[in-house]
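Participant: Each chain is listed here by its residues.
Number of protein chains: 2
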Amino acid sequence: MRETMRIVECVPNFSEGRDKQRIERILDTVRNKEGFRIINVESDPDYNRTVLTLIGDPDALVEGLIPLVEICQKEIDLNHHTGQHPRMGAVDVIPFIPISGVTMKDCVFFANKLAQKVNSLFDIPVFLYAEAAQKDDRVALPNIRKGEFEGMKEKIKDPHWTPDFGKNEIHPTFGCVAIGAREFLVAFNIDCMTMDESIPKEISKAIRKSNGGFQYIQAGPATLEQRGHTQVTMNILDYKKNPMYRIFETVQMEAKRYHVNMPSCEIVGLIPKDALLRSLEYYHACDQTPYSKTMSLDDIVKEAHQYLKLRDFDKSKIVESALEG
Amino acid sequence: MRETMRIVECVPNFSEGRDKQRIERILDTVRNKEGFRIINVESDPDYNRTVLTLIGDPDALVEGLIPLVEICQKEIDLNHHTGQHPRMGAVDVIPFIPISGVTMKDCVFFANKLAQKVNSLFDIPVFLYAEAAQKDDRVALPNIRKGEFEGMKEKIKDPHWTPDFGKNEIHPTFGCVAIGAREFLVAFNIDCMTMDESIPKEISKAIRKSNGGFQYIQAGPATLEQRGHTQVTMNILDYKKNPMYRIFETVQMEAKRYHVNMPSCEIVGLIPKDALLRSLEYYHACDQTPYSKTMSLDDIVKEAHQYLKLRDFDKSKIVESALEG
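Just so you know, the sequences run in chain order A and B. When we follow my numbering, the leftmost residue of the first sequence carries the number 1, and every step to the right adds one. When we follow my numbering, the leftmost residue of the second sequence carries the number 1, and every step to the right adds one.
Watch out, some of these pointers could steer you wrong.
The calculated PhoX-like cross-link candidates involving lysine-lysine, where the alpha carbons are at most 25 Å apart (straight line), are [said to hold, decoys possible]:
{"no.": "1", "chain 1": "A", "residue 1": "K241", "chain 2": "B", "residue 2": "K240"}
{"no.": "2", "chain 1": "B", "residue 1": "K205", "chain 2": "A", "residue 2": "K273"}
{"no.": "3", "chain 1": "A", "residue 1": "K135", "chain 2": "A", "residue 2": "K105"}
{"no.": "4", "chain 1": "B", "residue 1": "K256", "chain 2": "A", "residue 2": "K302"}
{"no.": "5", "chain 1": "A", "residue 1": "K205", "chain 2": "B", "residue 2": "K209"}
{"no.": "6", "chain 1": "B", "residue 1": "K315", "chain 2": "A", "residue 2": "K256"}
{"no.": "7", "chain 1": "B", "residue 1": "K153", "chain 2": "B", "residue 2": "K167"}
{"no.": "8", "chain 1": "B", "residue 1": "K315", "chain 2": "B", "residue 2": "K273"}
{"no.": "9", "chain 1": "B", "residue 1": "K256", "chain 2": "A", "residue 2": "K241"}
{"no.": "10", "chain 1": "A", "residue 1": "K256", "chain 2": "B", "residue 2": "K302"}
{"no.": "11", "chain 1": "A", "residue 1": "K205", "chain 2": "B", "residue 2": "K153"}
{"no.": "12", "chain 1": "B", "residue 1": "K273", "chain 2": "A", "residue 2": "K256"}
{"no.": "13", "chain 1": "A", "residue 1": "K209", "chain 2": "A", "residue 2": "K117"}
{"no.": "14", "chain 1": "A", "residue 1": "K135", "chain 2": "B", "residue 2": "K209"}
{"no.": "15", "chain 1": "B", "residue 1": "K201", "chain 2": "B", "residue 2": "K241"}
{"no.": "16", "chain 1": "A", "residue 1": "K240", "chain 2": "B", "residue 2": "K241"}
{"no.": "17", "chain 1": "A", "residue 1": "K117", "chain 2": "A", "residue 2": "K135"}
{"no.": "18", "chain 1": "B", "residue 1": "K167", "chain 2": "A", "residue 2": "K205"}
{"no.": "19", "chain 1": "B", "residue 1": "K209", "chain 2": "A", "residue 2": "K209"}
{"no.": "20", "chain 1": "A", "residue 1": "K241", "chain 2": "B", "residue 2": "K74"}
{"no.": "21", "chain 1": "A", "residue 1": "K240", "chain 2": "B", "residue 2": "K167"}
{"no.": "22", "chain 1": "A", "residue 1": "K205", "chain 2": "B", "residue 2": "K240"}
{"no.": "23", "chain 1": "A", "residue 1": "K167", "chain 2": "A", "residue 2": "K113"}
{"no.": "24", "chain 1": "A", "residue 1": "K293", "chain 2": "B", "residue 2": "K302"}
Away from chain B, derived, C-beta distances all over 10 Å, residues of chain A [said to hold, decoys possible]:
{"no.": "25", "residue": "R6"}
{"no.": "26", "residue": "Q116"}
{"no.": "27", "residue": "V139"}
{"no.": "28", "residue": "Y216"}
{"no.": "29", "residue": "N242"}
{"no.": "30", "residue": "T250"}
{"no.": "31", "residue": "E254"}
{"no.": "32", "residue": "M295"}
{"no.": "33", "residue": "I300"}
If you're looking for bench data, these hints aren't it; they were derived computationally from the structure. Heads up, the beta-carbon is just placed ideally off N, CA and C, and yes, glycines get one too.
Please work from the sequences and hints to get the whole structure.
Facilitator: As C-alpha cells, then:
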C-alpha cells in the first residue's frame, strides 16, 4: 500500500443483530467490492445491532454504501425492533474516519456527499454529527438520538431538530440516520459479574464526561442477558487523552465499593495499535519490565489479554493487521 | 446543630489589603452579628485585597453584608487603588456557597436578593456570575472583570455588558461588583516523595480538565523546598461530582508507573463535612465496615487521617466545627 493512497474507515451500524440470514443478505451488498473491504463485522443479539467496519478508498465507500442503506430500508422495520442499544434508524449511524492520506475536513466532505445521496435516493432524513455537525448540539450523537426511533416521530417536527438533509418527518420504517466524521473511536466494554445494572450505571457516572468525569468518555450500563452479566459500555473518543488503562483502572477502583468482580473486557470493532501500546507502556512501567513500541502484533495481543483482560481478542481486531491481510 | 439548619458560606473580596486600620473598620461592620460569623480573614498587601469568609444563616448574611458594602463604598476609592490582583469594585466579588440545608438554587436566590439591595441602596451596578449568571459569558468572573475598574467605565456602556442590576454606568469611586453562587472549592494537595517536579506534572495532566481529565479539577505540580518534596496541588471545583477519594485513588494509580510514594495529603483552608463524608463512605463500602452520615466530627477527623492520609488536619478545618465553636 503506497503512502499516497487515500484510506478512510467507515463504520455503519445497522439495527439487526439476531437474524443471521438477514444479516448475511445485508452484508452481501458490501462484499467483494472494488476499492474497499470489510474488515470486521460484529453482531450483538442483545443489542440487536451489527457494527460493520469498512476500510478503503473514500469515493468507493460513498458509492458502496448506497446498496447497504437500500437493503436495510427494505429488510428492517424499526416499528418491530427491540434491543438494548439505543437506535433511531435501520442504519443508525455512519461515521467516516481518516486513516491515511485524508484529513478530517475531507471526511466531513465525504459525509455530506453520502448524506445528500441517502436523502435524495430513499427519502431518509439525515443528521450530520460529530466533526460534520452544523449545530453545537448535534456534535454528540446521543443528543440527536435521544427519544430513539419512537420519539423521533415527534422530535423531528420541532424546528430545532430539522434534519440537515430531508424534511421534518422520519421514514416510516427506516427512521433516520446520523452521518458524520470523527476521530478513531475505541468501543471498550468492561464486564461486571453481576446482573444488578445499577452497579455499572453508578460506575459509568463516575467516569463519563456528562457527569463530571473524563472529558472523552461516553459510558453507560448494559445488561447482557445471554451471557448473564452486565457491562460498563463506553466509547473512548480520544484514546490519547483518555488512555484505556486509566479508564480501566479507575473503573476497577470504583467497583471496589460494590464488591463486584471484573475479570474481562472487550473491544467492539477494531482498535489502532497505538491505543494498545499507550496502555501497555503504563503496565510495563508499573512492573518495571522492558517495553518496546516495536513489539509484534502477536506480542501486543498477548499483553492485551494479560494486562487489559481483553477477551475474544486477536490480531484481526487491530487496524494495522487488517490492512496487512 | 440541627439537621434542618440552613447554612451558607459567603466569601466577599474587598479591595483593601494594606491599611490595617481601614481593614479593621471594614471588618467591624460584620463582627458580633446575630446569625453568622467570620471564620477567616486573609489580607494580602501585594494583592491589596482582603478575602473574608463568613458563614451562617443566609437571610442574616444578606442583611449583614449591606453595612460591609456601605463602608467599602465610603472608605475605598478605586481611582486611587493599586494591587496585583485584578479588580473592578471596592467590594469586588461576593459568592454564596451552599453548605447545608440549602440548594444551589437557593444560593442563586440569595445572590439575586443581595444584588437587588446593593443596587437600589447604593446605585452600584451588579453583575450576576457563576451559577447565578444569566448569560453564558458571565459564568466565568474573569470575563466580566476583564478591563478592570479602569476599563469598566467604557465597557459597561456596551449593551452586551449591561449589568444585571443597575444602569450602564459604574459607580464613580466604588466601580461595580459581581455577586453569584458557586460550589465550595476544596483546595487539596497530594504529597509526592520526590523532588522531580516532572512527576506531579505528568500526574496533574492525567487528572485535570484542561488535559482531558476530570471536569472539575484544576491541578498542577508544586515543589515544597522546605519540606523537600513535591505535590500535585489542585482545586476541586465540585466535590460532589469529583469526590476526593476518586481523585486521590486515580492519582495513586497514575503514580504507580513512576514508583513514587504518596504517604500524605493536605487541605488548604476549610472543607465542609459533606466533602469528607462522601469519601469516607467509599472506603467504608470497600472495607464493608459500618458507616453513618451522623458520625462525630472527631470520628470524621480520625477517618480522614486514616483513609485520605490528611496531615496537619484537625476539627478546626471542618466548616461545621467553625460554626459550633
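Participant: Each hint: holds or not?
Facilitator: How the hints compare with the structure:
1. A:K241 - B:K240: Satisfied, since the Cα-Cα distance of roughly 24 Å is no more than 25 Å.
2. B:K205 - A:K273: Since the Cα atoms of K205 of chain B and K273 of chain A sit roughly 23 Å apart, the hinted pair holds (cutoff 25 Å).
3. A:K135 - A:K105: Holds, at roughly 16 Å.
4. B:K256 - A:K302: 22 Å, holds
5. A:K205 - B:K209: 16 Å, holds
6. B:K315 - A:K256: Outside the cut-off at roughly 29 Å; violated.
7. B:K153 - B:K167: With a Cα-Cα distance of about 12 Å, the restraint between K153 of chain B and K167 of chain B holds, given a limit of 25 Å.
8. B:K315 - B:K273: 10 Å, holds
9. B:K256 - A:K241: 18 Å, holds
10. A:K256 - B:K302: Judged against 25 Å, a Cα distance of about 22 Å means the pair holds.
11. A:K205 - B:K153: 45 Å, violated
12. B:K273 - A:K256: 23 Å, holds
13. A:K209 - A:K117: 34 Å, violated
14. A:K135 - B:K209: 24 Å, holds
15. B:K201 - B:K241: 23 Å, holds
16. A:K240 - B:K241: Given pair K240 of chain A, K241 of chain B holds - Cα atoms ~23 Å apart, limit 25 Å.
17. A:K117 - A:K135: 21 Å, holds
18. B:K167 - A:K205: Measuring from Cα to Cα gives roughly 44 Å; hence the hint is violated.
19. B:K209 - A:K209: Holds, at roughly 10 Å.
20. A:K241 - B:K74: 52 Å, violated
21. A:K240 - B:K167: 49 Å, violated
22. A:K205 - B:K240: Satisfied, since the Cα-Cα distance of roughly 12 Å is no more than 25 Å.
23. A:K167 - A:K113: This hinted pair holds, its Cα atoms lying about 17 Å apart.
24. A:K293 - B:K302: 46 Å, violated
25. R6: The assertion about R6 of chain A holds, with a minimum of 29 Å to chain B.
26. Q116: Fine: 33 Å to the nearest Cβ keeps Q116 of chain A off the interface.
27. V139: It holds; V139 of chain A is separated from chain B by about 16 Å at its closest Cβ, greater than 10 Å.
28. Y216: Y216 of chain A is in fact no farther than 10 Å from some Cβ atom of chain B, at 6 Å.
29. N242: 6 Å, violated
30. T250: 6 Å, violated
31. E254: Per Cβ check, E254 of chain A is inside 10 Å of chain B; nearest 7 Å; violated.
32. M295: 18 Å, holds
33. I300: 19 Å, holds
The structure fails hints 6, 11, 13, 18, 20, 21, 24, 28, 29, 30 and 31 (numbered hints given earlier, in ascending order).
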